[in-house]
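K.L.:
Sequence:
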Amino acid sequence: MKSYKISVGVAVLLLLIYIIAQVNKPKPLNWRVTLSKGDKNPYGAYILYNHLKNLFPEASINSYREPLYTTLHDNYYKNSAYIAISPDITTDTLDVAAACKFVESGNYIFISAYNLSKKLRDTLGIKLAKTFTINSEDTVSVNFVNPSLKSVKNYTSSKLILNEYFDSIKRPDSIVVLGVTSKGKPNFIKVNCGNGAFFVHAAPLCFSNYFMLKDGNSAYTSKALSYIPSTVSTIMWDEYYKLGRSGAKTPLRFFLNNSYLRWALWLSIIGLLLYVLFNIKRKQRIIPIIIPLHNATLDFIKTIAGVYFGQKDNSAIARKKLQYWQAFVRQHFYLQTNLLNDDFVQQLVKKSGVGIGYIESIVHYISIVDNSIITDKLLMDISTTVDEFYNQAHKP
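Quick note, our numbering runs 206 ahead of the 1-based positions in the sequence shown.
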């Protein structure tokens, strides 16, 4: 018994030494592309975000983790700019419509991404070339077209970062080329829209920490953003297309995000497990067999279902099914169901992620259920459509 305790003590000591070594060892450089405002790794955007106040001294700078539609739709902005820099920017019809309305009102949107949604590309009249590869050339350079911004020496970095460009421009009357690659390919454009403009850049890593710290490249980043008037009153910095929506700020998340607290938590869990392991044999008692309680609720549901089935009251069944659906929508998506119009349908599509066809069908069923004969087939269609909505819905 004594030797057993010594072995366990040695094992625990070795475990503690290993954990201490892991906590104190240097962290490897993280080359993951985030372009996030708080990321100090090479492909984060910590430097740029903290430099925005110098570029736009009169503006209030705020970050958002909501889609374009949610950020812009319910607010009237004036003399403002929205900046979205991310490897991928996936927008739907509502997002693009909100963006166009925002720009037409005299505001600006600056976008830099390798991949843009088809809807956004078609609206802007552009096509991105897919050249995200490395070839025999070590570097590729970029510069501006405007002589007042163009540098005598091109801005350079690895080819993996800078060689994206616009392969096709479908609306030359409203598009101005602002920047090009060393091969003369347009990689930075301005798309005029109403009283404002979209600025679209094809190489988002030109705005990363790594690029800005290389050989005076920060001047390129500053000049690119200088096309946004320095007198704007609001800068909206996007984090949604990099990180998604904000997660719940729970105490556990706080512990897990801090390396020291995370290790302390693991040590506590390991200690608790060891305590349980050494005491379980002494204190374990016989666990009595407990007969599970009878499920009276299930019997009640079966009885009620039998009554409806026996009476063949399809209208009552359909009505209940649709009433429960409306209650589900109110509870989970916080939408009123007393007015089921097109605006209700669009909001529910946005919040639930369910196809618009299913929602329109359910709204139609609600409008006819009280004034139509509900056949077995129609009842089956109603039930199938509502069940498919539940399967597809993304509950918040």
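Hints may be right or wrong, so weigh each one.
[Unchecked claim] Below, simulated DSS-like cross-link-like pairs (lysine-lysine); rule was C-alpha separation at most 25 Å, straight line:
(1) Lys259 x Lys420
(2) Lys396 x Lys376
(3) Lys420 x Lys233
(4) Lys359 x Lys429
(5) Lys246 x Lys396
(6) Lys333 x Lys359
(7) Lys557 x Lys527
(8) Lys583 x Lys526
(9) Lys356 x Lys389
(10) Lys259 x Lys526
(11) Lys333 x Lys429
(12) Lys284 x Lys356
(13) Lys284 x Lys233
(14) Lys284 x Lys259
(15) Lys389 x Lys325
(16) Lys233 x Lys246
(17) Lys359 x Lys284
(18) Lys557 x Lys307
(19) Lys391 x Lys333
(20) Lys284 x Lys246
(21) Lys307 x Lys324
(22) Lys356 x Lys396
(23) Lys359 x Lys325
(24) Lys376 x Lys359
(25) Lys259 x Lys246
(26) Lys284 x Lys333
[As the list claims (entries may be wrong)] Quick list of simulated restraints, FRET-style, between CB atoms:
(27) Ser354 x Asp280: 27 to 33 Å
(28) Asp549 x Asn236: 40 to 46 Å
(29) Arg377 x Asn236: 25 to 31 Å
(30) Met586 x Glu566: 45 to 51 Å
(31) Ser436 x Tyr282: 20 to 26 Å
(32) Asn256 x Leu478: 28 to 34 Å
(33) Leu478 x Gln532: 24 to 30 Å
Derived from the structure by calculation, the hints contain no laboratory data. Each residue gets a CB set at the ideal place from its N, CA and C atoms; glycine is no exception.
K.L.:
Compare the structure with each hint and give your call.
P.N.:
Results for each hint:
| no. | hint | result |
| --- | --- | --- |
| 1 | Lys259 x Lys420 | holds, 21 Å |
| 2 | Lys396 x Lys376 | holds, 13 Å |
| 3 | Lys420 x Lys233 | holds, 22 Å |
| 4 | Lys359 x Lys429 | holds, 15 Å |
| 5 | Lys246 x Lys396 | violated, 29 Å |
| 6 | Lys333 x Lys359 | violated, 28 Å |
| 7 | Lys557 x Lys527 | holds, 21 Å |
| 8 | Lys583 x Lys526 | holds, 17 Å |
| 9 | Lys356 x Lys389 | holds, 15 Å |
| 10 | Lys259 x Lys526 | violated, 57 Å |
| 11 | Lys333 x Lys429 | holds, 24 Å |
| 12 | Lys284 x Lys356 | violated, 30 Å |
| 13 | Lys284 x Lys233 | violated, 44 Å |
| 14 | Lys284 x Lys259 | holds, 19 Å |
| 15 | Lys389 x Lys325 | violated, 28 Å |
| 16 | Lys233 x Lys246 | holds, 13 Å |
| 17 | Lys359 x Lys284 | violated, 37 Å |
| 18 | Lys557 x Lys307 | holds, 21 Å |
| 19 | Lys391 x Lys333 | holds, 12 Å |
| 20 | Lys284 x Lys246 | violated, 32 Å |
| 21 | Lys307 x Lys324 | holds, 18 Å |
| 22 | Lys356 x Lys396 | holds, 16 Å |
| 23 | Lys359 x Lys325 | violated, 37 Å |
| 24 | Lys376 x Lys359 | violated, 31 Å |
| 25 | Lys259 x Lys246 | holds, 18 Å |
| 26 | Lys284 x Lys333 | violated, 29 Å |
| 27 | Ser354 x Asp280: 27 to 33 Å | violated, 39 Å |
| 28 | Asp549 x Asn236: 40 to 46 Å | holds, 44 Å |
| 29 | Arg377 x Asn236: 25 to 31 Å | violated, 40 Å |
| 30 | Met586 x Glu566: 45 to 51 Å | violated, 19 Å |
| 31 | Ser436 x Tyr282: 20 to 26 Å | holds, 22 Å |
| 32 | Asn256 x Leu478: 28 to 34 Å | violated, 42 Å |
| 33 | Leu478 x Gln532: 24 to 30 Å | violated, 47 Å |
Violated hints for the displayed structure, listed by number in ascending order: 5, 6, 10, 12, 13, 15, 17, 20, 23, 24, 26, 27, 29, 30, 32 and 33.
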